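Residue numbers (UniProt numbering), protein chains in the order written: chain A, 1 to 287; chain B, 1 to 287; chain C, 1 to 287; chain D, 1 to 287.
Treat the hints as calculated values from the structure; they're not laboratory data.
The reader is advised that the hints may include incorrect statements.
Identical copies look the same in the list; a pair holds intra-copy or inter-copy alike.
Stated by the list, open to error - Distance condition first, Cα-Cα at most 27 Å in a straight line; then the derived BS3-like pairs of lysine-lysine:
| hint | residue 1 | residue 2 |
| --- | --- | --- |
| 1 | LYS182 | LYS44 |
| 2 | LYS251 | LYS35 |
| 3 | LYS255 | LYS224 |
| 4 | LYS255 | LYS44 |
| 5 | LYS209 | LYS35 |
| 6 | LYS111 | LYS95 |
| 7 | LYS35 | LYS63 |
| 8 | LYS95 | LYS182 |
| 9 | LYS35 | LYS248 |
| 10 | LYS195 | LYS95 |
Small disclaimer: the values here were computed from a predicted structure and weren't measured.
Below are the chains, spelled out letter by letter.
4 protein chains.
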Amino acid sequence: MANSRFEYVKSFEQPDVLLPNTWIVVRIDGRGFHKLSDHYAFAKPNDRRALDLMNAAAVEVMKELPDLCIAYGVSDEFSFVFHPNCQLFERRNGKLVTTIVSTFTAHYIYKWSEYFPERPLLPPYLPSFDGRAIVYPNNRILRDYMSWRQVDCHINNLYNTTFWTMVLQGGMSNTDAEQELKGTVSADKNEILFKRFGINYNNELEIYKKGTVLYRQYELEEPKPTKSSADEESLVVESQQSRSQQDKIRKLRRKAQVVVDHVDIIKDEFWEKRPWILSGNPGKLPA
Amino acid sequence: MANSRFEYVKSFEQPDVLLPNTWIVVRIDGRGFHKLSDHYAFAKPNDRRALDLMNAAAVEVMKELPDLCIAYGVSDEFSFVFHPNCQLFERRNGKLVTTIVSTFTAHYIYKWSEYFPERPLLPPYLPSFDGRAIVYPNNRILRDYMSWRQVDCHINNLYNTTFWTMVLQGGMSNTDAEQELKGTVSADKNEILFKRFGINYNNELEIYKKGTVLYRQYELEEPKPTKSSADEESLVVESQQSRSQQDKIRKLRRKAQVVVDHVDIIKDEFWEKRPWILSGNPGKLPA
Amino acid sequence: MANSRFEYVKSFEQPDVLLPNTWIVVRIDGRGFHKLSDHYAFAKPNDRRALDLMNAAAVEVMKELPDLCIAYGVSDEFSFVFHPNCQLFERRNGKLVTTIVSTFTAHYIYKWSEYFPERPLLPPYLPSFDGRAIVYPNNRILRDYMSWRQVDCHINNLYNTTFWTMVLQGGMSNTDAEQELKGTVSADKNEILFKRFGINYNNELEIYKKGTVLYRQYELEEPKPTKSSADEESLVVESQQSRSQQDKIRKLRRKAQVVVDHVDIIKDEFWEKRPWILSGNPGKLPA
Amino acid sequence: MANSRFEYVKSFEQPDVLLPNTWIVVRIDGRGFHKLSDHYAFAKPNDRRALDLMNAAAVEVMKELPDLCIAYGVSDEFSFVFHPNCQLFERRNGKLVTTIVSTFTAHYIYKWSEYFPERPLLPPYLPSFDGRAIVYPNNRILRDYMSWRQVDCHINNLYNTTFWTMVLQGGMSNTDAEQELKGTVSADKNEILFKRFGINYNNELEIYKKGTVLYRQYELEEPKPTKSSADEESLVVESQQSRSQQDKIRKLRRKAQVVVDHVDIIKDEFWEKRPWILSGNPGKLPA
């Protein structure tokens with residue numbers, strides 16, 4: 001074929017398959033959202049509509065990619081998690097990450113007017129996201145990753161809530177508030193909120209304090225200790241699932257509803273009640 | 001800080017810096033555009049509005065990322081090219097690719113209604129794109145990559161034009177047309193078009209035959225042989241540009257207009273008249 | 001410094017750190033040992049001195065690198081295994097592999113004359129080895145890797161024993177023996193050996209049938225089921241060991257004797273009696 | 001086959017092919033040679049026999065691997081260079097590096113007694129080497145890499161020569177000599193050597209001042225400016241050489257003698273007189 005003289009350039013494409021039998025986390029982040037949130041006047045410290053839009057776009061990503069088993073979002077970032085037995089796109093790093101980034105962006109832009117009807121998008125201020133994939137070798141570390149993000153959510157939200165209350169309700173300048181908060185611990189911030197502004201941080205909305213977790217809904221199970229050992233065995237077997245088995249499981253997953261939740265994912269309870277997330281085996285659909 | 005217990009999970013993030021002093025090509029492709037083009041009834045073999053929308057989104061990417069020096073698009077794919085001296089995002093693969101994919105997607109979705117006013121987007125048929133980065137070690141191979149894409153454009157367009165003319169004007173079934181075209185060379189297809197349908201392929205629109213090339217417009221120069229040797233020397237020096245020099249060059253690039261062109265990029269002439277593309281040094285702005 | 005003009009070339013060195021908390025297997029293979037074994041007239045199907053030399057060199061590697069917790073050798077290959085909590089050389093792929101390959105080669109060459117006193121090495125027939133690192137995310141898969149090598153040992157040894165007995169004792173040509181063995185299963189080969197030559201394969205030396213496993217010797221423990229779950233927890237903690245803790249453990253490991261064994265490593269028993277191998281925690285030194 | 005149950009572990013092996021059409025440098029370094037040179041009482045600041053042994057081992061590597069086109073050694077390190085059109089081992093990083101490291105180690109150990117007859121090797125003090133591969137995208141940068149190593153050789157040798165002269169001839173303590181040299185420039189060190197010890201640094205042996213360069217000897221050519229542009233063109237073509245063409249070139253290379261030289265490789269002259277090194281095309285064998 002006439003093209004063959006140039007086709008050698010394909011040989012420069014490097015493979016980027018992720019290590020088999022590991023958890024894949026794709027985390028996306030808003031690009032320049034600090035400036036963007038100013039431009040579209042997002043509420044401080046949290047803009048409920050902006051978070052709802054993030055979550056709505058993430059739900060669409062979960063629906064389009066049944067291989068995803070859980071996702072966690074906070075602020076302008078979202079982490080999407082593929083199970084160790086995931087074979088989607090032969091586990092190619094670039095393909096997985098760009099598909100998620102693009103699908104998320106598409107829905108975010110498409111749904112914007114629904115959440116911000118009075119503030120239409122205007123280039124060059126179009127929201128966009130970057131992303132990366134990270135692999136984790138076992139359940140324990142995957143859960144530590146999820147905990148890391150949720151602790152981060154808590155720390156940032158407590159800080160931001162205190163800071164913006166001091167500024168917006170307390171009339172302080174940004175610099176003064178920043179200065180006063182330097183070196184404070186959680187207890188200090190809780191006290192500032194309560195003593196000066198009568199705000200009990202515990203009463204803040206769960207979506208702000210806990211972030212958002214998305215997963216497919218099956219019937220909850222009685223908590224029982226997770227059996228990592230058994231899990232490991234199963235992974236190996238599942239990685240050798242035939243394509244038809246994989247397709248079957250994908251169909252089962254599509255049938256489950258994607259739930260938007262704001263709960264603790266650090267403690268065991270969340271995972272023990274929803275064993276299908278770590279096992280990768282679809283649970284029983286609710287009646 | 002309270003988060004430190006979990007923060008070790010960051011150590012699983014792997015670096016992905018691309019080899020210095022090499023051309024970086026980020027090629028994006030429409031995901032499932034075959035089905036999508038059916039759903040939104042794109043014209044066959046080429047839908048002018050769909051191509052114009054691709055090009056419009058790509059122009060926005062070029063404007064947002066002045067480090068890009070050229071881009072080439074055909075059908076539902078676009079290749080964006082960073083110069084060997086590019087230091088954007090420290091040349092991190094994932095960051096470069098996802099930024100381009102997301103920015104392109106955002107503009108594509110945002111501008112859709114402008115190009116297809118009578119066919120509003122409707123989930124789950126939202127367009128999205130995947131992407132990958134490839135590095136090329138020298139000018140010769142970068143140009144071979146560009147030639148590869150343009151030859152591909154020609155081959156596919158000649159085939160598609162002939163096929164769809166046989167089907168739409170000749171009333172043949174898809175299978176019959178496919179069957180007849182099997183094993184034919186370019187001359188055969190030209191003849192079918194001309195003899196049966198009176199169509200001179202050479203008169204087809206350049207945008208269909210040549211695809212689309214985007215670049216920043218400076219004053220054209222007298223063609224003179226490219227001096228690869230000198231280029232090489234300059235690359236090394238430029239890679240050691242200070243940040244302020246890089247910022248200055250970026251500003252100069254922003255000032256240049258991004259041109260949408262449909263010309264031959266295989267022969268030397270295109271590159272010799274526009275030496276700033278391969279050299280990376282901004283040319284003289286047109287008066 | 002005068003060198004700075006050229007020092008930018010260091011920026012082309014790419015990082016190659018292996019994923020944390022995974023098993024690292026470095027497998028080395030003799031280069032061109034087929035020709036080499038002819039040249040130095042190795043006995044067929046197994047040359048005991050050649051195997052002893054491989055094992056002796058591998059023992060020295062184990063001694064020099066206390067981070068290694070087990071090794072398995074067969075024919076002209078050896079697999080060396082680092083624990084998931086290993087931090088040696090910051091887990092750099094190239095550094096780990098080349099250190100093992102070079103140390104092994106050095107001892108192999110150095111000890112050659114001890115094992116083959118009557119056949120001195122003569123360039124260009126100097127033995128050398130290549131190597132590669134592979135990471136495995138959990139105990140189950142690491143053990144499957146070890147089983148893979150031992151099963152391979154068995155399959156090859158049964159074949160080679162039968163083939164060479166047919167040739168050397170049965171007077172068959174290589175081609176005839178090869179032809180007859182095509183398509184046979186284990187039972188067939190056992191029968192050929194027994195019926196034609198009175199050889200009971202089970203009575204062959206364990207070193208030929210099982211290959212060689214090297215590990216540090218502590219007091220054997222009562223077999224109890226391995227607790228992968230607990231293991232996983234511990235890994236995370238250990239990966240955050242301080243440097244002084246790592247040094248301490250390294251010293252403890254140096255004290256243990258490196259054992260040369262020829263036993264089954266596929267079944268659980270081997271691992272349950274020697275829990276220190278999978279746990280990475282030194283056991284109790286024998287009195 | 002019985003092994004198939006475990007064979008899935010092979011899927012964890014990751015590809016590591018180096019970017020096509022780039023220079024490959026494999027640099028190896030002595031492991032713990034500071035301690036080793038004390039143990040075997042290497043002469044200070046340079047031990048001629050130790051350098052000769054390094055060079056002898058490197059010559060053997062060049063002979064075994066005709067794909068190598070040049071090598072440069074200084075102290076206990078050696079850089080081996082493969083041409084951009086090299087296809088050896090499909091350009092697999094690990095295979096290339098470990099083969100060189102192992103072959104070098106084998107010859108180093110084997111030849112030791114020839115260079116140090118009175119100081120036999122004694123474990124655990126066996127010399128070994130680690131190594132890494134780096135790719136460089138064009139001739140200019142490859143030459144800058146070579147220059148970097150030779151400038152390093154000069155800087156270190158001038159320092160070491162001055163330091164050890166002060167200590168061994170001047171009777172200073174190591175600390176005092178180190179202290180006095182802190183912050184000095186080349187001119188200062190030249191002056192110390194000349195004024196205090198009557199040593200003209202220029203008269204030192206070339207092997208110490210310039211290090212060692214190895215290459216295949218063909219008839220020298222009239223210096224003419226290197227044509228990088230043409231080179232680039234040729235690379236592309238050569239990378240598509242057939243296997244038989246590659247074999248033919250390999251044979252031609254084997255016929256050329258490997259030369260051990262101690263000359264300037266920073267200036268153009270060396271490269272212009274020996275165009276076969278950068279072009280990769282064997283020159284004319286001397287009569």
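*If you check each hint against the structure, which ones fail?*
4, 8, 10
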